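Construct the complete structure from the given sequences, taking the supplied hints into account.
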Amino acid sequence: ELKVEQNPLFLSMQEGKNYTIYCNYSTTSDRLYWYRQDPGKSLESLFVLLSNGAVKQEGRLMASLDTKARLSTLHITAAVHDLSATYFCAVDRAPGGGATNKLIFGTGTLLAVQP
Amino acid sequence: GAVVSQHPSWVICKSGTSVKIECRSLDFQATTMFWYRQFPKQSLMLMATSNEGSKATYEQGVEKDKFLINHASLTLSTLTVTSAHPEDSSFYICSNTGREGAYNEQFFGPGTRLTVL
Chain A
1 ELKVEQNPLF
11 LSMQEGKNYT
21 IYCNYSTTSD
31 RLYWYRQDPG
41 KSLESLFVLL
51 SNGAVKQEGR
61 LMASLDTKAR
71 LSTLHITAAV
81 HDLSATYFCA
91 VDRAPGGGAT
101 NKLIFGTGTL
111 LAVQP
Chain B
116 GAVVSQHPSW
126 VICKSGTSVK
136 IECRSLDFQA
146 TTMFWYRQFP
156 KQSLMLMATS
166 NEGSKATYEQ
176 GVEKDKFLIN
186 HASLTLSTLT
196 VTSAHPEDSS
206 FYICSNTGRE
216 GAYNEQFFGP
226 GTRLTVL
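Keeping their order, the protein sequence lines are chains A and B. Each residue of the first sequence is one higher than the last, beginning at 1 in the working numbering. Each residue of the second sequence is one higher than the last, beginning at 116 in the working numbering.
No lab work stands behind these hints: they were computed from the structure. In this text the structure is predicted, and so the values were computed from the model without any measurement. One or more hints might be untrue.
[To be verified] Below, computed lysine-lysine pairings styled on DSBU-like, alpha-carbon distance capped at 30 Å:
1. A:LYS102 x B:LYS179
2. B:LYS179 x A:LYS41
3. B:LYS170 x B:LYS181
4. B:LYS179 x A:LYS3
Okay, structure coming up:
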């Protein structure tokens, strides 16, 4: 059974600091997605990572994928309050480079950025 | 990206009643849509895949007779929670891929919050 785990589950950090959220998954999927969810809202797509070594950056967020280690990271640089949200990684259920569009979501990381 | 709408945004119903949730693909004809459920402070769980013109495929542990899915047109999928009970209270979110044959991204609707009293 495919499992996707995130670490940490909750993160409180000060503005201006850096931190990394980790996403580990248990199969060989090469398709990994990062989403943001604000309270009471649906999901906003942040990054789509489709190959080993993929790195994408948008503003203060940077995501990477290491398919050999089955690990993705979401790095936050110089956090600001507006980044406060819950962040989910998700993996396509299909093994290897396949795709089903059926996503298995990680446990989520609640990020609170304090002024 | 694709535009996905859901209706209603929030519904409160009595235990034992049925509730229908609509998911519309506004800018592309989706032969496949997906339904997820999210309990408070938890992650999203895939419930079923909605297939236009054919039966939905349900994930293990999801009761197909309780969660009826109808995908009668290329722009509309509906999820009906039959004989709802308080444990069905959840945030229901639908999604599609934005274009036929795409596997690179999923676009999520705004969600429907169901509260069963």
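Consistency of the hints with the structure:
no., hint, verdict
1, A:LYS102 x B:LYS179, "holds, 18 Å"
2, B:LYS179 x A:LYS41, "holds, 26 Å"
3, B:LYS170 x B:LYS181, "holds, 14 Å"
4, B:LYS179 x A:LYS3, "holds, 24 Å"
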